[in-house]
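A.B. asks: Residues 10 to 170 (the numbering used here) make up the sequence shown, in order.
If you're looking for bench data, these hints aren't it; they were derived computationally from the structure. Errors might be hidden in some of the hints.
To be verified - In silico SDA-like pairs for lysine to any residue, Cα to Cα no more than 20 Å straight-line: (1) 113 <-> 97; (2) 148 <-> 24; (3) 31 <-> 99; (4) 65 <-> 78; (5) 113 <-> 137; (6) 21 <-> 122; (7) 104 <-> 135; (8) 148 <-> 65; (9) 149 <-> 33; (10) 133 <-> 78; (11) 95 <-> 150; (12) 113 <-> 18; (13) 95 <-> 21; (14) 133 <-> 122; (15) 134 <-> 65.
The structure presented is a predicted model; accordingly, all values stated were derived computationally and were not measured.
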Amino acid sequence: MEFAAIPKDVMKLRNNYNNIEKMLYILKDALSAPLFVILLISFCELYVGLSTILYKRVSTFFLVQLGCSVLPGIVIMLIVTLFNAKIPECMMRVKTTVAFLRDKYEFSSVSKGKEMTVFNRIIKKDIVYLSAGGIVDFKKSFLVSSFGALFSYGVLIISFK
Numbered sequence: 010m011e012f013a014a015i016p017k018d019v020m021k022l023r024n025n026y027n028n029i030e031k032m033l034y035i036l037k038d039a040l041s042a043p044l045f046v047i048l049l050i051s052f053c054e055l056y057v058g059l060s061t062i063l064y065k066r067v068s069t070f071f072l073v074q075l076g077c078s079v080l081p082g083i084v085i086m087l088i089v090t091l092f093n094a095k096i097p098e099c100m101m102r103v104k105t106t107v108a109f110l111r112d113k114y115e116f117s118s119v120s121k122g123k124e125m126t127v128f129n130r131i132i133k134k135d136i137v138y139l140s141a142g143g144i145v146d147f148k149k150s151f152l153v154s155s156f157g158a159l160f161s162y163g164v165l166i167i168s169f170k
């Protein structure tokens, strides 16, 4: 990426990054409660389906109906988590690019004024993770822990038989 660290370009970069960060915080605040409700409903569907299948004998018709109610829960959890996990990944790419620009500019320029300060501030900022009610941060590791909990509950249900 060719980037001449002209002060107006650096300030434009800072303003754009700050605008993106503000929008992410607004998005995080606006979607926190709805995402929590969506995840709660999805988990309830999964646990009801799991306990029904493991605890009772299920007819073929009821199995199809149960699959139709459980499958959306799985799909919703996967899609919501994977798409929300993309946001921090994109922010990390931006921060990495800014770090490369800082290194390039630091070693190729004599003046190290406001531009270096702007680069360092962007690099040091925290990454924004969308969350569900402030309880669950959407990272890809959330999928592993949620399906691990589902498996654990399945084992518990089987042991109570």
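A.B. asks: Confirm or reject each hint.
C.D. replies: Going down the list of hints, with the structure as the test:
A hinted pair counts as satisfied when its Cα atoms are at most 20 Å apart, and residue 113 with residue 97 does not qualify at roughly 24 Å. About 27 Å separates the Cα atoms of residue 148 and residue 24, which puts this hinted pair outside 20 Å; it is violated. A hinted pair counts as satisfied when its Cα atoms are at most 20 Å apart, and residue 31 with residue 99 qualifies at roughly 15 Å. Distance check on the hinted pair: residue 65 and residue 78 sit about 17 Å apart at the alpha-carbon level, within 20 Å; holds.
Taking the CA atoms of residue 113 and residue 137, the gap is about 26 Å. The hint is violated against a cut of 20 Å. For the hint linking residue 21 to residue 122, the alpha-carbon distance of about 16 Å falls within 20 Å, and the restraint holds. Note on residue 104 and residue 135: the hinted pairing holds, with a Cα-Cα distance of about 10 Å set against a maximum of 20 Å. About 34 Å separates the Cα atoms of residue 148 and residue 65, which puts this hinted pair outside 20 Å; it is violated.
As the CA atoms of residue 149 and residue 33 are separated by approximately 18 Å, the hinted pair is consistent with the 20 Å bound. Note on residue 133 and residue 78: the hinted pairing is violated, with a Cα-Cα distance of about 44 Å set against a maximum of 20 Å. Only pairs whose Cα atoms come within 20 Å are accepted, and residue 95 paired with residue 150 is accepted, the gap being roughly 13 Å. Only pairs whose Cα atoms come within 20 Å are accepted, and residue 113 paired with residue 18 is accepted, the gap being roughly 15 Å.
Taken as a hint, the residue 95 and residue 21 pair is broken in the structure, with Cα atoms around 24 Å apart against an allowance of 20 Å. Proposed proximity of residue 133 and residue 122 is supported: the alpha carbons are some 17 Å apart, at most 20 Å. Between residue 134 and residue 65, the direct Cα distance comes to roughly 52 Å. Violation of the 20 Å bound is thereby established for this hinted pair.
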